[in-house]
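In order, the protein sequences belong to chains S and R.
When the letters of the first sequence are read in order and numbered with my numbering, they come out as residues 1 to 152.
When the letters of the second sequence are read in order and numbered with my numbering, they come out as residues 1001 to 1416.
Treat the hints as calculated values from the structure; they're not laboratory data.
It should be emphasised that the depicted structure is a prediction, and the values quoted were computed from it without experimental measurement.
Hints may contain errors.
Claimed, not checked - Computed from the model, here is a short list of chain R residues facing chain S with C-beta under 7 Å:
{"hint": "1", "residue": "Phe1039"}
{"hint": "2", "residue": "Ile1048"}
{"hint": "3", "residue": "His1049"}
{"hint": "4", "residue": "Ser1050"}
{"hint": "5", "residue": "Thr1062"}
{"hint": "6", "residue": "Pro1064"}
{"hint": "7", "residue": "Glu1065"}
{"hint": "8", "residue": "Glu1068"}
{"hint": "9", "residue": "Thr1100"}
{"hint": "10", "residue": "Asn1151"}
{"hint": "11", "residue": "Gly1154"}
{"hint": "12", "residue": "Val1198"}
{"hint": "13", "residue": "Gln1203"}
{"hint": "14", "residue": "Ile1273"}
To be verified - Footprint (simulated), chain R over chain S, 3 or more residues, beta carbon under 8 Å:
{"hint": "15", "segment": "75-88"}
{"hint": "16", "segment": "117-128"}
For glycine and all other residues, C-beta sits at the position ideal for the given N, C-alpha and C.
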Amino acid sequence: MSAENAIRPAGVDLVCIACPIACRLIVTASGGGDATVSGNRCPRGEAYGSEEVRAPKRILTAVVPTDSAQFPCAPVRTDRAIRRELVKSLLSELYRQRVALPVRQGQVLMEDFDGARVVFTRTLPPDEIPSVGEPRAEAEGEDQVPGLQEAL
Amino acid sequence: MIRRTIDAVVVGGGSAGLAAALRLREAGATVAMVEREPFLGGILLQCIHSGFGLQEFGEDLTGPEYAERFIRPALNAGIEMYLDATVTEIGEDATGRSVTALSRAVGVVRFSARAVVLAMGCRERNRGNVAIAGTRPAGVLTAGLAQRLVNIEGCVPGKNVVIVGSGDIGLILARRLTLVGCTVRAVVEIQSYPSGSVRNIAQCLNDYSIPLHLGHVVTRIEGRDRVEAVRVAPLQDGRPLTGREFRIPCDTVLLSVGLIPENELSRAAGVPINEGTAGPWVDADMMTGARGIFACGNVLHVHDLVDFVTEEARRCADRAAAYLKGDPREEMIPVKAGANVRSIVPNACAPGRRNVLYLRSLVVKNDALLELSAGGEKLRTKRLAHVQPSEMIRFGLEAGAIQNINSGTALEVALR
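Taking the hints into account, I'd like the entire structure generated from these sequences.
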C-alpha cells in the first residue's frame, strides 16, 4: 500500500477513480477537519476525494474456488467499497471458501464484511440456451425462417 | 449439412454481437448467432474487475455482470444460437451471403443470409509482434491469456512477474496478480507516458507500490527452460542505452502490447481493411466494403470502453435492419484522418442524419483543437482538454452539419 495521503495546506493531487474520465482532483484542508475537493466533474469525485485522504476505500473483486471441474472459479465482488486496509483479510477469507455450484449472479456469498456484501457476479453454470429454432436432426435440409425477408 | 435461410448472421457472441443481435431481433429480423466458446459473453467474462457500464447503465459493473445484462435477454429473444461453433467461411450465394459454420453439436451449418454482422473482437499482439530478443523459455504469455488462467481456469501463471506494456489490460492484471499472491516486479513501458488510463495507474499500480518504468524497453529475456530474468534499458532517441541496462529477476513475462482486430475471416470474404484501425473500412451504415457485411466492436477498431462497443453495435444493427428492409441508401461523404489523427471510424458520413465518429490521436496534447474541414474550408472546431493515443475520442455530428460539401470532397478530421 502506498504512503498515507495526509491533507497538507497546499492540497493533495489525486486522480479520481470513480469513472474512466479520471478527473485530476486537488483536495485541500478546510475548517473542522473537512476536506475541500476541486477539479471534480461530478459528486462522485467529491466523495472519492474527501474519502481518499482520510480512509481510502476500494471495491474488491476476486474469484472463489468452486466444487466444479468445468467452472473452477466463481467471480465475486463487494457491492460497495471497503476500507483498503481490509482488502487482504477479505481475500484470505474468500480463498478459504469452496463454493458449491450452481450460483446465480447477485447471490450473496457473505452478508456483511465492513458493511459490504460479497455477491457472485456470474451465473454458473451459465443458463441453458433455449432450443428456439435450433436445428434438430429433422431440421436437416432447406429450412426457411420467416422474418424481414417476407416484408420485401 | 444443415441449411438455414435467415435475415442476419452475427459472428461472435461477445459484447458487440449480443447488442447487435438483440437490436436486430427488436427490428423484426431473424437472427442466428455463432459463438466459438460454449457460452456467451466473450472477453467480458474474464474481466472480473469493475468499471463497466457507467455510460450504458449508470452503474459500476464487473465484466460478467455487464455481459449477463445482455445474455439474459438474448436467451429469450428467439435468436438461433450456435455455441461451440466456428465460422469457417463467408461467401456469396443467390440470397446474398453464405456463412459456413462448424458446430460441435450439429455439424456443418450453411446459412443463406442477407446480412452478416462481424463481431469477432480482437486478439492480442504477441512476442513476435514486438520482437524481444533472448531465449525462448516457458513463462512468456500474453496478458489476456494470464487473465483467463487466473480468473476462469483458476491457475496462477507464475510467482515473480514482469509486465511489458502499460495498457489497461496490463495494469489491471498487475493488481489482479498481486491479489492472488504474485509479486509484480515491474511494469515496463516503451513510451514516455502510460498507455493505460491514469485512473488505472492510480488504483492498480500506486495502490500496491508496483514500479512503472516509462521510456524503458525489455532488451532481452533470459532463461533456458523457464524465464529467469529480463534485462531492461532506458530509451534515448529511440535506442536503448545499454550502459544503463539493469536486470530484473522473474519467472514470468506478461505481454500487454496491444490488440489487433481479428479479421482473417473478413479478409477471406473480400472485406477491405482500413490501415489505421486494422479493422474493416466501414461507411456511416457500418457496412464494410463488401455489400451486406457489417462490422462493430473490437473487430472494427479496438475500443477502450465496452459501453461504446454496445452503442456502436446497436447503431450497426439499426443500419443493418434498414438495409434488410430495403431502405434507400444515402449518398455519403468520405471521411479522412487528417493531421495528428491515427485512425477514424466510420470512414464515410451520411450528411442527412446524425453521425457518431470515433478517432484516435497520434499525439499527447493538452488543450487540443479538433478541426473538421472539407476541401481546405474549416467547418467545425471543438476544444479538447486533453488527448492521448490510448484514449479514444468520440464526437457526434448533428444531421445537416456537413450538408454543403461538394460530392467527391472528403471530410477531413484533424487535431491541432
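Here's how the hints hold up against the structure:
{"no.": "1", "hint": "Phe1039", "result": "holds, 4 Å"}
{"no.": "2", "hint": "Ile1048", "result": "holds, 4 Å"}
{"no.": "3", "hint": "His1049", "result": "holds, 5 Å"}
{"no.": "4", "hint": "Ser1050", "result": "holds, 5 Å"}
{"no.": "5", "hint": "Thr1062", "result": "holds, 5 Å"}
{"no.": "6", "hint": "Pro1064", "result": "holds, 4 Å"}
{"no.": "7", "hint": "Glu1065", "result": "holds, 5 Å"}
{"no.": "8", "hint": "Glu1068", "result": "holds, 5 Å"}
{"no.": "9", "hint": "Thr1100", "result": "violated, 14 Å"}
{"no.": "10", "hint": "Asn1151", "result": "holds, 6 Å"}
{"no.": "11", "hint": "Gly1154", "result": "holds, 4 Å"}
{"no.": "12", "hint": "Val1198", "result": "holds, 5 Å"}
{"no.": "13", "hint": "Gln1203", "result": "holds, 5 Å"}
{"no.": "14", "hint": "Ile1273", "result": "violated, 28 Å"}
{"no.": "15", "hint": "75-88", "result": "holds (count 4)"}
{"no.": "16", "hint": "117-128", "result": "holds (count 5)"}
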